[in-house]
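Novice: Each chain, letter by letter, is given below.
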Amino acid sequence: MKKFNNLTLAQGISLTLTIGMLLIVAVIVFLFARGLIVSEVLPELDKKSHVIGKTILNPIERALKLGLNVRTLRGVDDYFNSAKQDNPEILSLGLVDVDGKPLYKSSDPTSQKTLSKDDFYLAKVPFKSDDTIAGYLNIGINLDTVKKAYRDSLYDLFVIIFVSLVIASEVLIFVFRYRITEPVTGLLRLIKQVGQGKYQEDLRLWTKDEIGLFSQSLSKLIKKTSNFFHRVKSRIEVYTIMHEEQGEKVTQLISTLEKQNKFSIPLSHITLSNIFYIRLPLFLFVFSESLSSSFIPLYSRQLLSGPLTTASILIALPLVSFMFSYALSQPLSGYWAQITSRRYVFLSGGIVYCIGILGAAFSSTLIEFIFWRFLSGFGFGFFLIACQAFVMDFMQPRKKVQTMAMFMGGYYAAAVCGTPIGALFAEGIGYRNTFLIAFFSAFASVLYTQIYLKSSMTIGKDIETKVSFTPFINILKSSELVRFVSLIAIPSRILMSACVLYAIPIYLKSMNYSTSLIGRVVMIYSLMIYAFVHIVSKYVDYKNNALSIILLGSLITACSSFVLLFSSSFHALLLFMILFGFGHSLSLTPQVTIPPMLSEENSAITLSIYRFFEIMGFAIGPFIMGALMGHMKPHFAIISISIPAVVLIIVYAAISFKKSNALIQNRF
Amino acid sequence: MIPGLLLTFKVGLTIMSVVIFSIMLLNFVTYLKYDSILDNVVGSRFLVIADDLRQTVSNGLDLGLSLKELQTTQAVIEGVKKSDPQILSISVFAIEGGDTGKILYNTRHAGIGGSAPSVWINTLKSHASSKYWILNEDNVGSVGVTIVNNFKEPIGGIVVRYDQKYLMEKNLFFAKHLVFYSLSAIAISFIVVLLLVSFVLRFVGTSFGNMHHAVEAFVTGTKVKLPPPNNEIEREFSTMFSATASLWEQLGKVETMMANGKQVEDEHTNHEKI
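Protein chains in written order, with the numbering used here: chain A, -8 to 659; chain B, 4 to 277.
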């Protein structure tokens, strides 16, 4: 008999279908658009070529007016060469007579190159002698600008398709889980329960499709059955008093039914909740923050007017203020998430973030921008802690890293999508409007939490609710944890914010690369983590060797900058980003699971304090990089900040690795 | 209603919303690219014109004449304006003192002798090292080139103002076509998606649709005959359904028994009364 696990297959087929549809529709629209661009731009190019042609032909026509023969003109080749030098977009110039026989042509080396038809646009401009056409000037116009735009469009197409695929899989997985898989599993369980005679619970679904309608009718059936039983039972007593003999028979029958079945009025409600429910709001929220991650320093520089434009430390301040308030929010929101519903933390964080991002969009000075980023950081911290607490509620002890990977996977999927899309928006509609789009995305996430997660959020009761500094002090007493945080976690965060968020955008902008390209490069970091995080987490859970993998990953990240010792070119930078991201894909997720295992304190408190220090690392990074870049070239600054990180990792490996590893193995 | 239609429609709508989002994004980016290419090609055409005029003026300056003395300039710029209907005006101005300028030649005769807009002077000065500068006002684009004397000192400029409505019309035409292509592709893909999703999810929707109707009918007292189960959930439902039906039957019997008993008692009381 067919099982309902065909649903996994249905989900897979639907995802494939979406991907297929996306690819087909996107490619069709792109090809149409490309054809349209060609048909619209070429006539304009022709007009331009005629203007250039007329300009070049002016002295020739004047000479012909003076009665000179077109075939006996002198110095035309040299004249063409100098015209080409004045107009770098001209690839070739040639004068032909009315029959098309060549008369003169430019003779510089570039003209000798064999050009393909796609390299230039050939325009024919007539010239006159005695009011009759005496020949034509053939101008080959370089199509580099147009071709570069095509190339960029193609890259953009790839980015858009890739981002859409990630979004499609996030949305579809959510829709299938929320609308089909989880309700079907819940209903199957309930049907089995009812089949065994338990008329005590019902399943409340908010969906209005066939599954939702069935759950409503099933609830009705359970409720009616329970009511029916209790109605009959309530009459028995009176009936037995009046009809002793018959009454006994009926009472016996009812008590047999009561033994076989269980009834309850009112029914208790089963609410479905799944770890995956949090992925969509997390995705939307992080997406909104990532939209600006490729241009925060550039926007800061725009807001910083006057002679201070080059002050790299000042440009770093909005990043620092965001990270700083994000760090401050960690212990506070962690504590609040324990004593109140996760949803309140979600909502308050989301609303504060929305206000912050809106303020950032309308900032007119750097000071204002720094303030709004500070507010955003606070909201962001609250929201993320609430997500993390929600994930923790579902965490299975033997699958810690995999559960965190689900969280991190959602985070980096959003970062992968948000960064290049934000850069595209910034290039097209400006930084301020991109912030406005970020606001709408964050607001959608807040709305989602308010509507869909109403009943899924619990109140954490796993820790004491008293505010106290004792845990903080206890954690600081744990020497292994202190070493881990100071030698591994903080340096890795410093490197990330200093290099990826601060140095790379400024470095690429100084090389005159477009904002969309900067977005694509910054995206590589998140892409590497997104691609490897699940494989790594499974491997770490299976092998139980988190610390070794963290050390290896941190070392790869720190050493990746050495690529820039050999070359500071764009390709070297790409390689650096790939290695940097790969290193972090190994080390970031397992890192979160280490602190609770190195501390005697409650894991939630340990984690929130660890987060505080970790994010302080994020906050310091841009500041250090800003100071370094004020004194040296960006690639040297990246190398300089990496060297201490390498040293610290080696020190950790030498003094603490063995002991910490033994501690972790014991507690696992 | 066709069983399974609601679920199919909702999942199909989700898939389509992702497709529509991507297409909107693609359209947006393509439009921006088109706008920048067109702006570049058209703008550079006027730049060629402005640069050619600068060359003509420079030739005069090389002969030792001042800008004021180059009287043929007026006829030259009028001739150039006539050759391109998109040109709104061409102005040649000289820098006077530090931050002011005077328009010496203009295709709009009324402007001749007036002071040059300060934005021209400021832009010219801030672009001292570049060959040209671009200004965009409402629906009007301007390209300017700097005139320098033999000591390479800026002494004035030429500004070609052109109508950007033409560009906007072209952009609108492009956007309309893009939207048309996209909507057509989206409409076709929506139908395909609905068909395929209904094929993929038919078994879920139909199963739950049938079970929903069976329960509704049962609850309202209509006799229901379940079709043979096709999958695990239908099998479990069938078991549950028969168990509940049997329970209802037994409870119904008890209720009837009690009701009949009461009826007998009522009849007995009535007899006694008579």
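Bear in mind the hints are in silico, worked out from the structure with no lab data behind them. Only a predicted model underlies this, so the values are computations on that prediction, with no experimental measurement involved. Think of the CB as a built atom: it goes at the ideal place given N, C-alpha and C, for glycine as much as any other residue. Fair warning: there could be bad hints in the mix.
Pair ranges (Cβ atoms, derived) [what the hints assert, rightly or not]:
no. : chain 1 : residue 1 : chain 2 : residue 2 : range
1   : B       : Glu140    : A       : Asp68     : 38 to 48 Å
2   : A       : Glu235    : B       : Leu229    : 38 to 48 Å
3   : A       : Asp69     : B       : Met27     : 45 to 55 Å
4   : A       : Arg180    : B       : Met27     : 35 to 45 Å
Novice: Hint by hint, work out which the structure violates, then give me just those numbers in ascending order.
Specialist: Failing hints: none at all.
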